[in-house]
Amino acid sequence: MTDNLIRRGLSRRGLLQTTAGLIGGAVLPGMPAFAEDKPAIGSYPAGVSGSTAFIGISVPRTGTYAVQGEDELKGYQLAIEHINEGHELIKKISPKTSKGVLGKELKFGVADSAAKPNEAVQAQQRFISENKAIMITGGTSSAVAVALNKLAQREHVIFVCGISGSNDTTGKDCVRYGFRQNFYGQTAAAAIGPVMVREFGKGKKAAYLTPDYTYGHTVTKSMQDFLATAGWTTVTNQVAPLGAPDYSSYLLNVANSGADVLINVNWGHDAVLSTQQAKQFGVLDKMKLVVPYQVPFIARETGGLMQGVYAATDYWWTIEDKFPLAKMFNEAFEKKYGYKPEWGAENAYVSFAHWAHMCEQAGSFSPPDVIKTYEKGETIPSLVGDVHYRPEDHQCVRPVIIVKGKQQKDMKNKEDWYDVVEIVPGEGLMQKPDAFGCHLGDYS
Amino acid sequence: MISWPNLVSQLFNGLALGALLALISSGLTIIYGTLGVLNLAHGAMFMIGGYAGFVAYQYTESFILAVIAGSLFVMLLGVLMERVIIRHFYHRPHEDQLLVTFGLGICFVELVRLIFSSQSQLVPPPALFQGITNLGFMFYPTYRLAVVGIVAIALGALFIVLYRTRLGMIVRAGIEDSVMVDSLGINVYRVFMAVFGIGAMAAGFAGIVNAPVVSLTPGIGDDILVQTFVVVVIGGVGSFPGAILGGLIAGEIISVTSMFNPGYAYVMLFAAMTLVLVVRPHGLLGVQGRE
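For the protein sequence lines, the chains are A and B, in the order given. At position 351 of the first sequence the residue is numbered 415 (this note's numbering), and the sequence of numbers has no breaks. At position 89 of the second sequence the residue is numbered 406 (this note's numbering), and the sequence of numbers has no breaks.
FYI, nobody ran anything at the bench for these hints, they're computed from the structure. Treat the hints with care, since some could be wrong.
So these bits of chain B aren't anywhere near chain A, every CB distance computed over 10 Å [as the list claims (entries may be wrong)]:
1) Gly502
2) Gly580
3) Val595
Listed below are several chain A residues computed to face chain B (Cβ distance under 8 Å; list not exhaustive) [as the list claims (entries may be wrong)]:
4) Asn301
5) Asp310
6) Val336
7) Gln344
8) Phe361
9) Gly368
10) Gly372
Predicted, not measured: the structure shown is a model, and the values here were computed from it. Using N, Cα and C, we set each Cβ at its ideal position, and we do this for glycine too.
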């Protein structure tokens, strides 16, 4: 924390003094060699030579994605607690888990990434070299996910991606050591596109609000590509930096664009702020709003502006009616944290549960063995039904859930924000694994 | 692609943003001008004004009371900060002042995060200013129109305090030469306390007035702080009229650039600042030779 504050301090002063720049740094990794039955690689077997195994977690706890990062962190913490105690829910996903993973108690460290790739990489590099982290995780920003992909491949430590919706994460920037549970932007577009065409018709004019980084550009491109097949055109694409303090200039351009539908690709607080300001500028009175990649907490934070709005999401708690494991998860999560989990928490929990499952199946923490177990493409349980990881790009094939914001009068309780419109199976939505140029690297 | 109504609406948007930046910057600049302290906690003061007002709104549901509470709370916080911490740093190097105020800013942000979490909080605009106004050539949120007026009144009040009162005269004299003011028998340290309180209040007032425009989060002051410094540099450090001019210029640069390419809004802002520094190192209305 202190290091982090100092780094922020330096960057702020640097900005003021030179009007630019973040100061990066690099720490040389430690690579101890231990005699074991399997060859040493990355932090293996140093990280698991005792009775514990260490996981490095980096989530944004400050900045525009802080709310979602905290939710994600809660999901990780619950998963670790469940794995260490051999909880019933974990056993449903990873039947061989008793206490810990392969009998090792999981320990973890948490760093604030602030959704910045350099902060996340520095923190994880430290977890790998100092704590011998056997697995790292992080995301919420796809730019962070892509950066950690590269770190994981270089250090030969498995990276279980947190929230990341960019096509690049398991597309052109995929790596042998990286795995992603939640779907990518193209999948969201393929799932919500038909609903939009059905709801709004063909040949409509769309305006986009796009955050200026890998996630935003790939989601916008995916939506544009899909909607073009139904004759939709893009009348304006307003690209804003991550964490823009004010969207009024962008929204004036949108308001004057003559669009029928505003497709808000922003995420986190950016999505909340831009949606609220779209309302202030009367944009939502002129055109319909769609949030193609739903944002955890946006419904409660915008105070009802998601009413009637369609969104594609990984998870919404009311699907517990259909999925018993989701019900178990919701109950455990709510008991511990006092609210219904959003999809950040679900994504985090399932990602860890799947990693535990793969280690147990492999019977080893040795990264190549664990990776090859993932690559068997075995069908395994998740909170949204059975899923599998594609061996070609390490992307989990899972359903996409289409939700629509409920009107206030229809809400049965204060967290009943959405109706689940459709649960679209993942198989038919996803492009081929090589569609985004994935070339996995080596095992060693 | 660029239509006149769009350009005019963006110019107007720049005016609204510029007015707000002018008010926040004026607080920063009079503190620096008088006390010689670059207050890097100024953005946090802006944020706290919003949150203090938010709490007051929760209890009273009155926007006016929220504005009063938010402003007064931050003024008191400013006075307390000056008495307890800042006064020990008047004769210390600038680096120490920067670090201590930056550290305080981080503490304030984390404290607010601890109390309110990172989830954004809403303060609705007063009923009188809700909705959208048709200006003939464009539609514009009524409250944002009102903000321009409210901020103009606040700046007017600040002008009267600075240019029409004895305190203001001492403050302006202190900006020029605090040693001389001290030697005239005026207790400059009490004046410093008042100046810090007023400067902080300007940020706090802006924070709660701006709250209905942007939802409140603990990090809301970060970007504002950077923009505010640019404004102060453009206008001239220590210059109240400079803060207003700099604010309006910055607001228009951000807004008009956003119409063509939003990604370059900050680039143009910093380019403008650099240009000013090259042509007029003391800022547009800064006083040459002032320490």
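Going through the numbered hints above, which ones does this structure break? Give me the numbers in ascending order. Failing hints, ascending: 2, 4, 9 and 10.
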